[in-house]
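In case you want the letters, here they are:
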Amino acid sequence: MTVTVSDTSTAIRLRENRVTLQKTVTACLGLICALGVVVVIAALLGSEKLPVGDTLCSLVSFGTRQCGLTNDQFDILFQIRLPRIFLAAAVGGSLATAGASYQALLRNPLAEPYLLGVSNGAAVGTMLALLFFGKMEWSRPLMAFVGALIATFAVYRLARGKVGASPERLILAGVIVTTFLSSVIVFVTTLMDATRIRSFTFWLLGDLSGATKALLPLAIAISIGGALVLTFNARSLNLLMLGERDAFDLGVEVSRVRTVVFVVASLLVGSSVAASGSVGYVGLVVPHLARLSLGSDNRISIPAAALTGALFVIVADTVARTIIAPRELPVGAITALIGAPLFIYLLKRA
Amino acid sequence: MGFVFLGRLHYRTLLWCGIFVLVISALSCTRSTSPSTKTSSNSREITDDAGRLIALPQRVDRVVSLAPNLTEIVFAVGGGESLVGDTTYCDFPAAAQSIEKVGDTLHPSLERIIALRPQVVLVSTASQLEVFTQQLQSHNIAVFVTDPHDLEGVFRSITEVGEIIGKAEQAGILVAKLRERAAAVDSAVKGSPRIRLFYQLSAEPLYTAGRDAFVTDLIKRAGGESVTADVPGAWPKYSAESALAARPDAVILPTGGSMGEGNSNVAEALSKSPAAQHGRVYKINDDHLVRPGPRAVDGLEEMAKALHPEAFK
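Protein sequences appear in the order of chains A and B. The first sequence begins at 1473 in our numbering and counts up one residue at a time. The second sequence begins at 1066 in our numbering and counts up one residue at a time.
Honestly, I wouldn't trust all of these hints.
[To be verified] Below, computed lysine to aspartate or glutamate pairings styled on EDC-like, alpha-carbon distance capped at 20 Å:
hint : chain 1 : residue 1 : chain 2 : residue 2
1    : B       : Lys1337   : A       : Asp1479
2    : A       : Lys1607   : B       : Asp1363
3    : B       : Lys1370   : B       : Glu1269
4    : A       : Lys1685   : B       : Glu1269
5    : A       : Lys1607   : B       : Glu1333
6    : B       : Lys1337   : A       : Asp1721
7    : B       : Lys1337   : A       : Asp1544
8    : B       : Lys1378   : B       : Asp1363
Since the hints were made in silico from the structure, they are not lab data.
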């Protein structure tokens, strides 16, 4: 008897898994197609006008053929515009993935890199790297990662009272760490000379123009790798949404999953902050958008959030670099302008 | 009921607050206008670059400067002994460094300025100190704002500062000398073709000089033509692809002065420009290009000689 019961339950679970897998693959394929279309459109737009036909022809050949483009136009497309679009995608994907996994792990809809103070931790790390190891480019993402990790654990420790971490305590701890680190940032900027302050304030608002080619492959690798690792932990995260104790009873290694999420999310936030400063609202709005349209199963919503985040930041950065061309806006201003009303709309609908 | 009562109370509190604010502002208005009307015999009135009319005593011998270019002007017209305070950015001439520091241009200390009892505080709008200016005024300290957008504006600043501190004659001589040098550059580069150039304030992120920057006028006088001369603003952040597409024939890098050596390489977007390929990348001391003071003419001469070496043989 017992054998047949467990057999049927295993069969049901297997079928469920297959349905989820199918749903995940369909959603991701759809989003990847949309991402492709948006990348092409974004590559056609910029402060310099490129001939549409020739640009498409060159894009389709993956840069192996110049088609009708002049050398300058070819450089604009492949040396300036596309790297920036890919960086936007990596940053958006990273922040949205981090947000989605924080929200699942901490069972808190407001958990987000920026509100938890993780972005500011990474920002402080990057600033210190720039101040002390300005010549070494790789020191920036490394220090940003360390800063993000310290901020994450600080918030988590602060949030854990005698009765465990309550959602309110967590957000409160996040706000405290964020404001503390903001004042550290202000303090460090006043120590800098006047000429560097301008570029720092721009960078702090989230700016993709300083994209150094050295950091681009790292940012892309971390965003894809991080999203995959967290998607593979999505089942445990689903169970964790029931509560840490229940998840533990159901066989989830809670502390291991927590460490994985904290470390991977810190890597994601660290690499994107080091490359582009603090781009706000992506980690908050995008996971909600993904969950509202595809359900709260993390196996679907985490990869979907990653792809949607990439889409969102590409669109925002395209606006930022074209709206007052040839001048530019920081992309963080645009994500906040789009993100805040979108969040209010989602809040009213939910 | 309770709600209505609360609402009414609220309304009444607001009303009283409004009356209070009105009375206070009326009082402060009368207080700030009284000295200027009272002391008309031994005071004078001048208009600054922000269009504000300010009252000054006839003899000014206590001045605070909040910008390095203004400190340079005060010393250049021979008024160094009247300078009682300046900023940590004020490093030229050497004597400026031993003047009491009131903070840097962006974060001056109000207390220290008040303690120095200046008759006038010289401010450059580049430092964006509007709120600070109002605070100083509320303590009856006159604030003179300069805002030059071209070399003529710099000459005007020198003349005005000279008049304020009683060195009008020296200022006149200085301006005449500077004008002569600027005219010499003018006639030297007259026949040469204008060189299209990019002024790179910083590479990452890419900042340049726009329509309102006084260096845009210097570039024109030096026989160049800034490719960003029509971009709105003084120091806009510029699109890398537009910089690449502009194909400038020369690049000016302000570097090596108080900004340090950070800006000594051309931005990646300009690495294939005709300027970089023909080695026409010119480093010029940033203190001569970003400070609208007497040394701006040095910057003008250096730029003209770099762009048109043939004209100065």
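Hint check:
1. B:Lys1337 to A:Asp1479: With Cα atoms ~68 Å apart, lysine 1337 of chain B and aspartate 1479 of chain A exceed 20 Å; violated.
2. A:Lys1607 to B:Asp1363: 32 Å, violated
3. B:Lys1370 to B:Glu1269: This hinted pair is violated, its Cα atoms lying about 28 Å apart.
4. A:Lys1685 to B:Glu1269: The hint holds at about 12 Å.
5. A:Lys1607 to B:Glu1333: 16 Å, holds
6. B:Lys1337 to A:Asp1721: 63 Å, violated
7. B:Lys1337 to A:Asp1544: Cα-Cα ~9 Å, so holds.
8. B:Lys1378 to B:Asp1363: It holds: about 18 Å lies between the C-alpha atoms, which stays within 20 Å.
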